[in-house]
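A.B. asks: Chains as they are written, first to last, in our numbering: chain A, 1 to 102; chain B, 103 to 698; chain C, 699 to 889.
There could be a bad hint or two in this list.
Said to hold, decoys possible - Within a straight-line C-alpha distance of at most 35 Å, the following computed DSBU-like cross-link-like pairs (lysine-lysine) qualify:
hint	chain 1	residue 1	chain 2	residue 2
1	A	K64	C	K786
2	B	K143	B	K372
3	B	K285	B	K372
4	B	K372	B	K113
5	B	K518	B	K113
6	A	K64	B	K143
7	B	K372	B	K518
8	B	K104	B	K372
9	C	K855	B	K104
10	C	K855	A	K64
11	C	K855	C	K783
12	A	K64	C	K783
13	C	K786	C	K855
Since the hints were made in silico from the structure, they are not lab data.
Each chain, written out:
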Amino acid sequence: MSEQGGAHATTGTYLRVAAILVMVTLIEVGIFYVPAFQGVLVPLLLVLSALKFALVVMFYMHLKFDNRLFTFLFGAPLFLALGVVIGLLFLFYGSVRLRAGV
Amino acid sequence: MKSWLTTTDHKRIGLLYFWTAFGFFLLGGLEALVIRAQLAKPDGIGLSAELYNQMFTMHGTTMVFLALMPLSAAFFNYIIPLQIGARDVAFPRLNAFSYWVFLLGGLFMNASFLAGPLFGADRLSVAPDGGWFGYANLTERQFSPGPNIDFWLLGLQILGIASLAAGFNFIVTILNMRAPGMKMLRLPPFSWMTLVTQFLVITAFPVITVALVLLMFDRFFGTHFFIPAGGGDPILWQHLFWLFGHPEVYILILPAMGIVSEVLPTFSRKPLFGYTVVVYSGVLIGFMGWGVWSHHMFSVGLGPIADSVFSATTMLIAVPTGVKIFNWIATLWGGQIRFTTAMLFAVGFIAMFIIGGLSGVSHAAPPADLQQTDTYYVVAHIHYVLFGGTMLGLFAGMYYWWPKITGRLLSETLGKWHFWLTLIGMNLAFFPMHLSGLLGMPRRIYTYGAELGVTRLNVISTAGAFLIGLAMLVFLWNIVRTRRVGRPAGNDPWGGATLEWAIPSPPPVYNFTVIPHVESRVPLWPTERHGPMAPLPLTPPAPIHVPGGSWWPLFTAFGLPVMAIGALSHHLWLVLVGVAIVIVGIYRWAYEPFEV
Amino acid sequence: MSHAHPTSMGVDSRKMAFWAFIGSECLLFGSLISTYLIYKGKSLVGPYPHEILNIPFTSFSTFDLLMSSLAMVLALAAIQRGDMKQAKIWLFVTAFLGLVFLGGQVWEFSHFAHEGLGLTTNIFGSTFYVLTGTHGAHVTVGVIWLLTLWVQALRGKLGPGQALTVEIAGLYWHFVDVVWIVIFTVVYLIQ
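So here's chain A without its partners, still in its complex pose (with noise of 0.2 Å):
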């Protein structure tokens, strides 16, 4: 027995988030040959990798539609693991950037 909180994903939905997954994908991947869009290729993959997991864990994971307890559960160490990266990249990375002046 699995529980519906209210609104639930149709098979249509699953198509069209894979067809968005697909379609985000290629821009990527596209973004990453075509030379003028180096200087902005860092920030834009992290957006729009970051949009093709926030699709999955939603739909595919369901958690858009589920006890907000798992937002939380999943939601709090996501957010821990994110500080540790930055924490970490500025920690090792941070002093180089500011002697650089930049």
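Using the hints, position chains B and C against chain A.
C.D. replies: Structure of chains B and C alone, referenced to chain A:
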């Protein structure tokens, strides 16, 4: 006997945790006494440097991972289901699995004391010797060629699995198995602090898992994660370890704080002052504990910005801690105080933890810490918070809940001797370390010269340590005597407020004849709006199903030390045998009919 | 594991435990990804990422894993509505696509090794293989899990009453996919 091997009853598992952990605590204590005997005089030649390194490494590792954490786990296991009004934890077999993995991991790591001949070492003992935080690249093959560090990293990986499994189990138990009416803000403070602790466990342990995996790859497969000559950075080890290590110290202290928050109200006959604030402070400490890790690295050269940031966050975390202390004091204020042994230990906790917290806050200032770090000043700090804090809190829990668990009250007279000998002993042992540290005595040295001027301080510390040992003997005598002639306790010898006091001592296997409906934070006490809870029926109205035992937790657990021994002896086939045991165990476990 | 016990939060305990587990796995992969990022560009010798990473090939792997997630949700939807025929098909497709991914990883690793990038060659090799290898190990466990469910379905032992088991396997599978989305971006696309 077989029923103990297959038990899935949280109460039995709690007892197993307790006795095993207490045994390791005594072992760690012996290691401490060896250290203190060595340091009692300068130019000590009793212990070689190598053996001394093993002593302090095992003392620290044993106390943190095999004594303090599992002693807390003993209480999580026994008490949490009782406090929340449940018949057991969410996953009883997983619970048993956690215990067996802990036992096997502890035995594996301590087997190193006798394993020397198996590795062609020139001595009997190849126990871990890199310090309890195993700094790279001392722990790399180049500088630690023997199996000592392998025992350490493999043992810790095994223990980590036990803790993680228990973490998931207790989070679900506390969130999902509360009695009707027990809203989150009616949870007893011990249960709340346990919940926060388990969140710290499931988020912090993966980080040390990765650190240990990287070290394992360096030592076994020739990578250079922490070796500069190969492009690696030893500082990464420190970051990864302390990202785990700092939440770990809150894992160590929060349960004891929870115990204190139970004991003080009961023996003041007053509800916990500022319950909501105490709970939120606990949550805040858990969360903020993630932001302070590099305060263990002020002498490493992280730079002024990093140092300042971590200094600020460390000072900030003292705030919610201080808030709790004020709330405890306010709980006592105006209460009808009964100085039972449990209460003495709880009040002792507050006093000792304040001292430990003060030295901790002094560490928060990098300029001060540069003098203090790696000296005995830090050793003073950690022992005030971990012994004066956690251990005194755990003793409070032991005296408080012993009657519930065994049906007999520990002797108060012996208890008071235990308390005072412990309190005096610990202050004699650890207070002088503030001074010897500031006078320049470094940590982890196997001896020192008389010209350092710390001899007398060390003599006092050693005397204190042995006094603690004597106090432990008094406690052991109390336990033995109580088994024979201890006064029987009824359901509620102390007049407690929480659900565990509503049932017989010891509880029946099903805990509650009827799951009560909870109306307040203090169900057994009258409040402004409610009378005390009606007594529960003496017998259950209908037969209560209690799950049977299972062999699969123990079986599956066995696979882990087999894998570790395979790795240690460089036999891939044995590792695969271990993996096979785990896989077979998991399948049989999954398909076993088991009704909770 | 059939009759429902009352629960304080109205959710199945096993599902709750699994979300907590997935949360914990975020820290595991977060630490590995941090290690990779910290050591980026720090290799003392080659081969270096830009010389050896094959974007078209890895894009295909990514596409494969994304489609496997689609197959997984279709499998779950099928079992929830009692359509065991479809459930069996989609469970198998998911596992199959997982095996294709693993095959691709094996090919990639051996190709890299052939080009001179071993586990200990340089810090890029070490961090790359440990990160993607850990991910691959997770995929392997997932494939075994899915095939187990598929075999159970073939034996007629999987039905709508076991939808939660499939759902939880799905959570695991999607999480493994999501970790790959991060790895693809951070390791392959952001060089």
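A.B. asks: Compare the structure with each hint and give your call.
C.D. replies: Results for each hint:
Distance check on the hinted pair: A/K64 and C/K786 sit about 26 Å apart at the alpha-carbon level, within 35 Å; holds. Restraint check: the Cα-Cα separation between B/K143 and B/K372 comes to about 49 Å, which exceeds 35 Å; the hinted pair is violated. Simply put, B/K285 and B/K372 have alpha-carbon atoms about 21 Å apart, close enough for the 35 Å limit, and the pair holds. In summary, the hint linking B/K372 to B/K113 is supported, as the alpha carbons are separated by about 28 Å, within the 35 Å threshold.
Taking the CA atoms of B/K518 and B/K113, the gap is about 27 Å. The hint holds against a cut of 35 Å. For the given pair, A/K64 sits about 66 Å from B/K143 by alpha-carbon distance, which is inconsistent with the 35 Å threshold. Taking the CA atoms of B/K372 and B/K518, the gap is about 23 Å. The hint holds against a cut of 35 Å. Straight-line distance between C-alpha atoms of B/K104 and B/K372 comes to about 44 Å, which puts the hinted pair past the 35 Å bound.
Using a Cα cut-off of 35 Å, the hinted pair C/K855 and B/K104 holds, with the two alpha carbons roughly 32 Å apart. Distance restraint check for C/K855 and A/K64: the Cα-Cα separation of roughly 30 Å lies within the 35 Å cut-off, and the hinted pair is therefore satisfied. Between C/K855 and C/K783, the direct Cα distance comes to roughly 13 Å. Compliance with the 35 Å bound is thereby established for this hinted pair. Distance restraint check for A/K64 and C/K783: the Cα-Cα separation of roughly 28 Å lies within the 35 Å cut-off, and the hinted pair is therefore satisfied.
For the hint pairing C/K786 with C/K855, the CA-to-CA distance comes to about 12 Å; that is within 35 Å, so the pair holds.
Going through the hint list in order, the structure does not satisfy hints 2, 6 and 8.
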